[in-house]
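Participant: Please build the complete structure, drawing on both the sequences and the hints.
There are 2 protein chains.
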Amino acid sequence: MAAHGRDSALPDDTRNPWTVHAAETRYSNPWITVVHHEVTNPGGGPGIYGVVRYRNHAVGAIPVDADGATWIVGQYRFPLGRYSWEIPEGGAPDGTPPLETAVRELREETGLSAGRWLELMRMDLSNSVTDEEATLYVAWDVVAGDSAPEETERLAVRRLPLGEAVAMAMDGRITDAMSVAGLIKLKLLALEGGLPADLMARVRRGL
Amino acid sequence: MAAHGRDSALPDDTRNPWTVHAAETRYSNPWITVVHHEVTNPGGGPGIYGVVRYRNHAVGAIPVDADGATWIVGQYRFPLGRYSWEIPEGGAPDGTPPLETAVRELREETGLSAGRWLELMRMDLSNSVTDEEATLYVAWDVVAGDSAPEETERLAVRRLPLGEAVAMAMDGRITDAMSVAGLIKLKLLALEGGLPADLMARVRRGL
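The listed protein sequences derive, respectively, from chains R and H. Residue 118 in the numbering used here sits at position 118 of the first sequence, and the numbers go up by one each step. For any residue, its number in the numbering used here is found by taking its place in the second sequence, counting from 1, and adding 1000.
Source of the hints: derived by calculation from the structure; they are not laboratory data. Check the hints yourself; a few may be wrong.
[Unchecked claim] What follows is a set of in silico ranges between Cβ atoms, one per label pair, in the way DEER data are often shown:
1. PRO1196(H) with ASN29(R): 44 to 50 Å
2. THR19(R) with GLY1194(H): 45 to 51 Å
3. PRO1030(H) with PRO30(R): 26 to 32 Å
It should be emphasised that the depicted structure is a prediction, and the values quoted were computed from it without experimental measurement. Glycine included, every Cβ here is placed at the ideal spot set by N, Cα and C.
Facilitator: Take a look at the structure:
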């Protein structure tokens, strides 16, 4: 295709440039549906687009206790074929408020209940193929209890200073995108003064 | 399942706790393969696991010029059904070094060539279902040229101060996970002094 750098000087056209001629579900399980589309692409040529639709909205929670410690969860990730340390995460079924699921997942995976919750960020995790969206929270005023992982999970749980978890996200010991983005953003907010005062005090204690 | 919070006190068992009894490809196109597995889950019960395998390794590049400006790319993301502003991104086919693809994608999408490249981070983007991995770079000593997007792309390109792009990642105007994590990490590295001196000078000019 010819170079057309001048396109960038035009007003943004944010309309859908794809035309869908046919859509067919090719795979489905309780977590995902794979829909194959016959399309005309933005250049006007024929094409296909396989989209993976997620039934759940991803949630993650970064708990912070009075000492500035947080908790991370270790598990073997089947799709990657390797072990991964992450913030507590889960999936909110359609129609379930993400915060409600975050509260439940934090309790199931770590045993923690939190009195205060703050939405930290929303992200699209893999938007070239999937529609998966994630909402992350910070949870504080935490109280310990019993954990109760799902049958499909074999989890290790580790309490550590928040600054150590951020270091793991910065140096590649943590690679899960939600965990990396959430931990780094929390530190940057702390440095820039963008957190509620009581949370700020706890976070700074752990950094 | 009964509460078993004491598991977290055991040594980490990082072995694969899943047993696969059968694996079958249920969907395939030039970008993804969907493999359905019959499994025994970590709790010992029967289950299934549908994994989306990506043929490409995701790459992203954050260009920084002598004035501390960067470039972001706008496009309609078919899987999300909406428009998205992102750092320049692409997919490295199996066997292609991710850096080589990042160099090519930056040139195709923005027209920029860069004399210096630094690996910023690696992440797993959606590890509950997919094996998609991403490598992000910072690119500087940039020279402008002609862009040449692929036929399947209709891109808008915007040059802006790096600090403005970071602000978009922090406040939710940018939601793409690679872009959010990369931009925030770059700012945190700049604040903490963790960048090569010539890059640091450019980044600080833009913040």
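Participant: Are the hints correct? Go through all of them and say.
Facilitator: Status of each hint after checking the structure:
no.	hint	in the structure
1	PRO1196(H) with ASN29(R): 44 to 50 Å	46 Å, holds
2	THR19(R) with GLY1194(H): 45 to 51 Å	46 Å, holds
3	PRO1030(H) with PRO30(R): 26 to 32 Å	27 Å, holds
Figure legend: structure checked against the earlier numbered hints; every hint is met.
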